[in-house]
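**Q** Quick note, the sequences are listed as chains A and B, same order.
If you count by our numbering, then the first sequence holds residues 2 to 339, one letter each, in order.
If you count by our numbering, then the second sequence holds residues 2 to 339, one letter each, in order.
Derived from the structure by calculation, the hints contain no laboratory data.
Please note: incorrect hints may appear among the correct ones.
[What the hints assert, rightly or not] Taking lysine to aspartate or glutamate and the DMTMM-like style, the derived pairs with C-alpha atoms no more than 20 angstroms apart in a straight line are:
1) B:Lys260 / A:Glu261
2) A:Lys138 / B:Glu44
3) A:Lys301 / A:Asp78
4) A:Lys189 / A:Glu171
[Claimed, not checked] Cβ-to-Cβ under 10 angstroms is the rule here; a few derived chain B residues that face chain A:
5) Thr61
6) Ile80
7) Val228
8) Asn268
9) Leu285
Built from N, CA and C at the ideal position, the CB exists for glycine as well.
There are 2 protein chains.
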Amino acid sequence: MKIDIHKVALKAGVSIATVSRALNGGELVKPKTKEKILKIVEELNYIPNPIARSLSKQSTETIGVVLPDLVGEFFMDFIHSIDEEAYKNNWHVLISSSHSQRNIIETLIELMGSGRVDGVILMAPQMQNEVSEIIQKSKTPVILVNTCGEFSKIDQIKVDNYKGAYEVVEHFIKVHNYKRIGIINGPKGNCDAEERFSGYLSALKKYKIAKDSSLIINGNFDVESGVIGFTTLMNQEIRPEAIFAANDMMAVGAYEAAKELGFKIPNDVAIAGFDDIYLSQFLLPRLTTIHVPITELGIKAVKFLLNRITKKKRNSEAHFEVLPIELVIGGSCGCRYS
Amino acid sequence: MKIDIHKVALKAGVSIATVSRALNGGELVKPKTKEKILKIVEELNYIPNPIARSLSKQSTETIGVVLPDLVGEFFMDFIHSIDEEAYKNNWHVLISSSHSQRNIIETLIELMGSGRVDGVILMAPQMQNEVSEIIQKSKTPVILVNTCGEFSKIDQIKVDNYKGAYEVVEHFIKVHNYKRIGIINGPKGNCDAEERFSGYLSALKKYKIAKDSSLIINGNFDVESGVIGFTTLMNQEIRPEAIFAANDMMAVGAYEAAKELGFKIPNDVAIAGFDDIYLSQFLLPRLTTIHVPITELGIKAVKFLLNRITKKKRNSEAHFEVLPIELVIGGSCGCRYS
DNA sequence: AGAAAAAATGTAAACGTTTACATTCATACG
DNA sequence: CGTATGAATGTAAACGTTTACATTTTTTCT
Chain A
2 MKIDIHKVAL KAGVSIATVS RALNGGELVK PKTKEKILKI VEELNYIPNP IARSLSKQST
62 ETIGVVLPDL VGEFFMDFIH SIDEEAYKNN WHVLISSSHS QRNIIETLIE LMGSGRVDGV
122 ILMAPQMQNE VSEIIQKSKT PVILVNTCGE FSKIDQIKVD NYKGAYEVVE HFIKVHNYKR
182 IGIINGPKGN CDAEERFSGY LSALKKYKIA KDSSLIINGN FDVESGVIGF TTLMNQEIRP
242 EAIFAANDMM AVGAYEAAKE LGFKIPNDVA IAGFDDIYLS QFLLPRLTTI HVPITELGIK
302 AVKFLLNRIT KKKRNSEAHF EVLPIELVIG GSCGCRYS
Chain B
2 MKIDIHKVAL KAGVSIATVS RALNGGELVK PKTKEKILKI VEELNYIPNP IARSLSKQST
62 ETIGVVLPDL VGEFFMDFIH SIDEEAYKNN WHVLISSSHS QRNIIETLIE LMGSGRVDGV
122 ILMAPQMQNE VSEIIQKSKT PVILVNTCGE FSKIDQIKVD NYKGAYEVVE HFIKVHNYKR
182 IGIINGPKGN CDAEERFSGY LSALKKYKIA KDSSLIINGN FDVESGVIGF TTLMNQEIRP
242 EAIFAANDMM AVGAYEAAKE LGFKIPNDVA IAGFDDIYLS QFLLPRLTTI HVPITELGIK
302 AVKFLLNRIT KKKRNSEAHF EVLPIELVIG GSCGCRYS
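Taking the hints into account, I'd like the entire structure generated from these sequences.
**A** As structure tokens, this is what we get:
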């Protein structure tokens, strides 16, 4: 037999209102009564029905996370950290993924309008501009993660792609004195990719190295394009001394291509990546890369979202934050590493 | 202004009951009225409040997925397929992960008792027996994924670990005539690991190869233990001709160790893995491994769970299914591969 | 002790649906 | 044309909470 608040109230000899109060914050309920109620709650193993609660409070205590169609392994860590932080606040996490049946925008719209969540976390490095309008129109708060551009009305948090790329290239130049530095880019239109490319260009400029378009290759963040990018670069007349792969997956591709073609890293060519995925620490030589604070990204996304939702901060100005990254030195850049 | 069913009813000049009926199945509502209502629904952009609906129908139309603490990249695909299948049935997916704050059993219990989901998918290869009792006691249906043992009352679906391992080893023996075949095991107590080990042993036995404990190494499914396992095996007086890593991550570790120690795969030693992770297709040589139908696993888990929940099949006998795997031949076993 | 103030509790109305049952309306039949 | 029948719709009671407001109980003060 399902037990509800009435059963508890009956057994405790009080009204349901008192039971409710005893359980929530316990504002103005006599300590003794409260104690008694809590004991009975324990005894009956009563768990308030969250659905009824949601209906009454007009709040689901659930946040939605939109999953892109294709996601890297890091996304799992992202979700994990989101859920852990939500849990700490007694909130829950509903996921909604885009797939063959619906694209990411449709997913977002459905989720926001569904009434099942009070806020949404959207990681969408390939975000189109139309999305920002959609979000502005909706009353459901959204926090953007790793998106390009800055929107006055929408909370946003991201990783410092620009600085990361800049630091990698600067390291190549300042520490190793490389001049011919190639890059394997991420996909066109991808925000992370574009910012990283921009960091690459800035570093070159800063150190007065002319941009050489034969050293700039398009990739799309997967292993295969790393293979192709590396091969293309190394088949040229004048080879690069170093290659910056805009993410670690492509760097892995570069490693494989190097093996295939008989090049030694870093002696024949130096490599660096971006993301610091799990695997990169095991590559030989250990990959020099940029560590991305993915856990922090998830935690902060939840924090800001909850702030926006609960603190009646609904109209305060948008929060914008760029998380710092960290250069991780391995052996692939030419440094000694043990 | 939030619009609800009353507004729609008012504008359509009917009662809310009729609106509700027009929207759900539309049993016995005059075609003309229905049409009119639907038009107004469209016009006002009315979306029924799912919370109220849940309360009234006593069903959340949401399934819960328990995330283990540490998960491989394949878990992302698993979730994706779950969500896609759920979506096709107009259901939703709530995730709940175990982490530093609570272990997997607590997570499961909380989720089942929470009233936020109508059923739960639990992938727990390291499941303790106590879990099955907990599940039996609860009225929330649960489907176990990749767990060991067979429980008469609980739906279960898994991958054919035994056969996969058997096929790998059989391939080593029959095609390549290897006799000394080592294995790097997964963690103790892990169901996948134990079944794979068991398949390994059976194949040896079938082909009358004596079990040699110096060829059996303990690992724990991560890259590092692959490195260690490989190193240990190859540092022995008499080296193995082939090594079966119980998952691809450890196989990757083996590749790295081979590189470090100067062994060529497959000439000096053959390697095979299990899982067919994204990366394995890019390894050089391509890793010979067992493909696990992770998407199918997710889809079927949802299907059976929904069946159990909705079809009043609540007490029909438990569904038990083992999904077939597929041997993927790469170059690492000694086969030619291009 | 009695009045006023404060604290504790109770009552009942939300929250937005679904659905059993009651009622009205249309149709066909004698 | 009235009536029986079935189809279409309406009414109101769930579903299980929270919470504004009303009421009762306790405390404090003179």
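**Q** Next step is simple, just say for each hint if it's right about the structure.
**A** Tested hints:
A threshold of 20 angstroms between alpha carbons decides the hint, and for lysine 260 of chain B with glutamate 261 of chain A the separation of about 13 angstroms falls inside it, so the pair holds. Restraint check for lysine 138 of chain A and glutamate 44 of chain B: satisfied, since their Cα atoms lie roughly 17 angstroms apart, inside the 20 angstroms limit. Restraint check: the Cα-Cα separation between lysine 301 of chain A and aspartate 78 of chain A comes to about 14 angstroms, which is no more than 20 angstroms; the hinted pair holds. With a CA separation close to 24 angstroms, the supplied pair lysine 189 of chain A and glutamate 171 of chain A exceeds the 20 angstroms bound.
With a least beta-carbon distance of about 7 angstroms to chain A, the hint placing threonine 61 of chain B at the interface is held under the 10 angstroms criterion. Against a cut-off of 10 angstroms between C-beta atoms, the interface hint on isoleucine 80 of chain B holds, since the closest Cβ of chain A lies about 7 angstroms away. At about 7 angstroms, the closest approach between the beta carbon of valine 228 of chain B and any beta carbon in chain A falls short of 10 angstroms, and the interface hint on this residue holds. For asparagine 268 of chain B, the shortest C-beta to C-beta distance to chain A is roughly 14 angstroms, which exceeds 10 angstroms, and the interface hint is violated.
Hint status for leucine 285 of chain B: holds, given a least beta-carbon distance of 5 angstroms to chain A, under 10 angstroms.
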